[in-house]
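There are 4 protein chains.
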Amino acid sequence: MIRVHSVHNLHIVHRKNKPMYEELKSRVCAVNIALKEQGLVFQTWGNASAVDREQSVVAIKPSGVDYAEMKPEHIPVVDLQGNKVEGELKPSVDLASHLALYNAFADIGGVIHTHSHYATCFAQARREIPCFGTTHADYFYGSVPLAPPPSPGQVKDGYEWNTGVLIVETFMNRDPLSCPAVLVAGHGPFVWGQTIEKALENACVLEELAKMAATTLEINPKSMPLEDYLLNKHFLRKHGENAYYGQK
Amino acid sequence: MIRVHSVHNLHIVHRKNKPMYEELKSRVCAVNIALKEQGLVFQTWGNASAVDREQSVVAIKPSGVDYAEMKPEHIPVVDLQGNKVEGELKPSVDLASHLALYNAFADIGGVIHTHSHYATCFAQARREIPCFGTTHADYFYGSVPLAPPPSPGQVKDGYEWNTGVLIVETFMNRDPLSCPAVLVAGHGPFVWGQTIEKALENACVLEELAKMAATTLEINPKSMPLEDYLLNKHFLRKHGENAYYGQK
Amino acid sequence: MIRVHSVHNLHIVHRKNKPMYEELKSRVCAVNIALKEQGLVFQTWGNASAVDREQSVVAIKPSGVDYAEMKPEHIPVVDLQGNKVEGELKPSVDLASHLALYNAFADIGGVIHTHSHYATCFAQARREIPCFGTTHADYFYGSVPLAPPPSPGQVKDGYEWNTGVLIVETFMNRDPLSCPAVLVAGHGPFVWGQTIEKALENACVLEELAKMAATTLEINPKSMPLEDYLLNKHFLRKHGENAYYGQK
Amino acid sequence: MIRVHSVHNLHIVHRKNKPMYEELKSRVCAVNIALKEQGLVFQTWGNASAVDREQSVVAIKPSGVDYAEMKPEHIPVVDLQGNKVEGELKPSVDLASHLALYNAFADIGGVIHTHSHYATCFAQARREIPCFGTTHADYFYGSVPLAPPPSPGQVKDGYEWNTGVLIVETFMNRDPLSCPAVLVAGHGPFVWGQTIEKALENACVLEELAKMAATTLEINPKSMPLEDYLLNKHFLRKHGENAYYGQK
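Line order of the protein sequences matches chains Y, E, D and F.
Quick note on numbering that gives the first Met the number 0: the first sequence kicks off at 0 and runs consecutively.
Quick note on numbering that gives the first Met the number 0: the second sequence kicks off at 0 and runs consecutively.
Quick note on numbering that gives the first Met the number 0: the third sequence kicks off at 0 and runs consecutively.
Quick note on numbering that gives the first Met the number 0: the fourth sequence kicks off at 0 and runs consecutively.
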């Protein structure tokens with residue numbers, strides 16, 4: 000069985016003092032730095048993680064560390080239950096939310112949480128982001144939903160894990176890859192993708208769409224969502240079986 | 000007949016392995032890159048094309064290609080019916096919309112489609128851009144109109160071509176050069192000009208005017224369009240027979 | 000009489016082929032370029048001029064010339080009736096508006112007209128800019144007024160001069176130096192100062208104050224102007240006889 | 000007693016002609032320059048100060064001096080009653096407001112006053128900044144309050160000192176370090192912190208939160224503040240006795 004074999008390898012490598020997760024940690028470090036460069040995080044308000052499904056580990060931004068100083072060796076690695084596997088620094092306080100998503104959404108490879116301006120403002124206004132146009136429909140198959148805030152009980156015990164659970168419940172009847180983002184009420188966006196790099200692209204696009212939705216509502220507070228047949232056309236032109244966008 | 004002659008020339012040149020459309024492709028490449036630099040496109044959300052009326056060919060941005068890597072040799076060339084004449088990459092999915100405009104508007108030399116922020120938000124809000132001031136009147140002779148969204152039938156079969164046809168119908172009683180832009184409802188702006196470079200200037204100005212109109216409505220939601228006699232004065236001061244603006 | 004003497008000097012200098020107005024043209028050129036750098040003009044939508052009261056001449060931006068290429072020798076010089084005194088290029092089409100202001104406001108040394116975003120949007124929304132806070136009160140003694148649009152008759156004959164006259168009438172009962180700016184309805188701001196450099200500072204401040212007023216109205220559409228006693232305190236703390244701001 | 004000892008040292012140092020407050024003045028100079036670089040001040044609209052509690056002196060930005068030219072030797076030093084201790088330039092006109100805060104709030108080490116855009120617009124709109132989300136709750140324990148404008152009598156005599164007194168009264172029942180900022184109605188924000196560097200961070204965060212609150216209200220004018228139990232959770236997760244954010 001491949002998994003056992005790879006765990007076996009891991010041990011060998013460890014004995015040789017050469018860390019196993021270099022590529023994973025490099026990618027997580029690069030995307031966390033990119034979050035800052037893309038203007039999606041202010042101060043240290045954001046974190047990105049990636050999962051290695053083969054080895055059942057997650058690498059994530061350390062808590063409260065400055066992006067300017069972050070290096071791959073600072074990135075902690077944990078298993079899917081959150082136990083530390085490698086690294087000296089504490090993982091982001093939001094780790095448990097990431098883990099809840101990795102455990103529930105089998106096809107995602109990366110998760111990003113930011114407080115990017117417009118997406119966070121929709122979360123604070125407790126509004127989902129409607130699909131107002133084809134720009135949105137090219138990436139998200141319908142409105143970006145709003146997960147409810149955790150209850151007092153959910154805050155008291157296991158707050159960050161419960162935040163993840165509320166997101167998962169919001170996607171009960173929806174494919175998480177056809178709408179790779181959610182707004183947590185009063186908090187901000189969580190975004191994902193098949194890879195952490197794709198999650199980064201989705202986080203950038205989400206912020207742009209949120210900004211467009213805010214301006215659209217400003218111009219016409221009674222703006223209506225795009226017609227369903229146009230939503231279908233645009234989403235499927237890029238993502239359906241008969242997609243004909245790009246050089247594929 | 001000139002057209003036959005030029006097709007003849009094309010064949011000769013092809014045999015010599017020296018491409019015919021170098022200048023056209025260079026200009027199209029340069030303007031597509033400028034769209035990105037001017038902040039009019041995010042990701043790959045935009046495309047520019049130019050027509051060579053002599054040779055009846057259109058050069059256009061390839062589909063889904065990154066602006067940073069785009070070179071003139073990547074630019075596909077098609078005839079006015081959309082048949083590939085030169086180039087290896089697939090043209091933009093919006094090619095047919097461009098072709099509909101070139102076929103209907105005899106005096107235009109370039110077409111640009113973007114999802115630039117403010118113009119797209121007016122399209123999403125399903126509002127034309129009113130002429131609120133002399134800045135607008137210096138470039139567009141009245142409001143920038145809103146073309147209706149394509150119907151389900153128009154989406155199902157020949158969606159992109161039909162989008163172009165709807166634009167053309169919107170200009171049934173209006174000179175496309177005195178108002179070189181349109182908003183397609185729920186989608187975004189299409190802009191044109193006598194050359195692709197002029198279309199680029201118009202796309203930049205349109206975005207600025209859309210931003211001004213949005214702020215104007217924010218300050219006073221009941222703002223009224225500019226008086227007709229002021230619209231006439233400003234548009235004709237720059238574009239009329241007795242224009243006296245600039246160094247002409 | 001000094002004026003005669005200086006005209007006499009002018010002739011001597013001219014015969015020696017050394018232009019008289021080098022410093023004036025340099026300053027006008029520098030401020031026009033600064034308008035662009037400060038983000039107050041888009042395209043060629045703006046112009047600055049300065050008057051030399053000794054010699055009764057005005058230097059102004061040439062019409063429709065790109066800021067990137069502008070040099071002092073391009074700056075036309077006219078007398079206070081608008082007759083060309085020096086220079087090959089046509090003055091800005093807005094010259095007559097500037098002249099109306101120089102003729103009526105004896106203490107101003109420079110005039111600037113821009114289509115800067117927020118100030119122009121107030122002009123388009125046909126709203127004066129209220130004094131909402133001490134930031135405004137530090138520079139403008141009360142709201143920035145709105146001049147009415149010219150009538151059809153005023154547009155037909157001498158449009159630009161009449162625009163200036165309407166501004167002057169708006170200041171009938173107000174000191175133009177205690178409120179060195181006006182909004183022309185449906186058009187944009189005109190700003191002035193004791194020197195062209197001071198007019199530039201006022202144009203920058205006006206735009207910032209207009210932006211603040213727009214956001215203030217967004218947060219609370221019923222925002223009220225600053226109390227008179229606070230307006231007096233702040234304006235006079237910087238500009239009154241007993242001013243105690245700065246290192247004076 | 001330590002204080003006496005240090006005053007003694009001061010005298011010795013003075014006799015040697017080596018100024019005592021070099022480090023304090025350097026830090027005040029650096030933070031004032033940072034205010035400009037961070038986009039929190041326009042023109043000279045802002046000032047930062049720091050207190051040395053040991054020596055009972057305050058160093059503050061000089062009045063109306065350009066940030067680009069400011070050097071540590073320009074920074075005036077005064078005692079807690081405002082008497083000049085060192086430096087040739089006049090202190091900021093707002094000095095008395097700073098002193099009122101240092102005298103009343105024993106734990107603060109730095110004070111910053113800016114006219115940063117969004118925070119000032121809330122002050123002009125005479126609205127406190129509600130805590131709309133967890134981003135706010137991570138830094139400010141509840142809404143950022145609005146101090147009333149000074150009365151005509153308070154303006155006439157000791158305006159700047161009275162402004163400080165009104166701020167202190169606003170915090171009568173509130174810990175100034177759990178909410179290190181206030182808006183003065185019709186004026187702008189005052190921000191503080193345990194050090195001047197922490198005050199700078201708070202000033203940056205305040206502006207970001209004010210911007211988020213403005214957009215939140217734009218998206219949903221009826222947005223409600225964050226639930227108390229979520230406010231508690233987030234503020235205490237970072238600042239409480241059992242804080243578990245960061246690498247502590």
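Hints may contain errors.
What the hints assert, rightly or not - A few chain D residues that face chain E, going by a derived Cβ cut-off under 10 Å, partial list only:
id : residue
1  : TYR117
2  : ARG125
3  : PRO144
4  : PRO148
5  : VAL154
6  : LEU165
7  : THR169
The set of hints was computed from the structure by calculation and includes no laboratory data.
Glycine included, C-beta positions come from ideal geometry on N, C-alpha and C.
To see whether the hints hold, each was checked on the structure:
no.: 1; hint: TYR117; verdict: holds (7 Å)
no.: 2; hint: ARG125; verdict: holds (7 Å)
no.: 3; hint: PRO144; verdict: violated (16 Å)
no.: 4; hint: PRO148; verdict: holds (6 Å)
no.: 5; hint: VAL154; verdict: holds (5 Å)
no.: 6; hint: LEU165; verdict: violated (13 Å)
no.: 7; hint: THR169; verdict: violated (18 Å)
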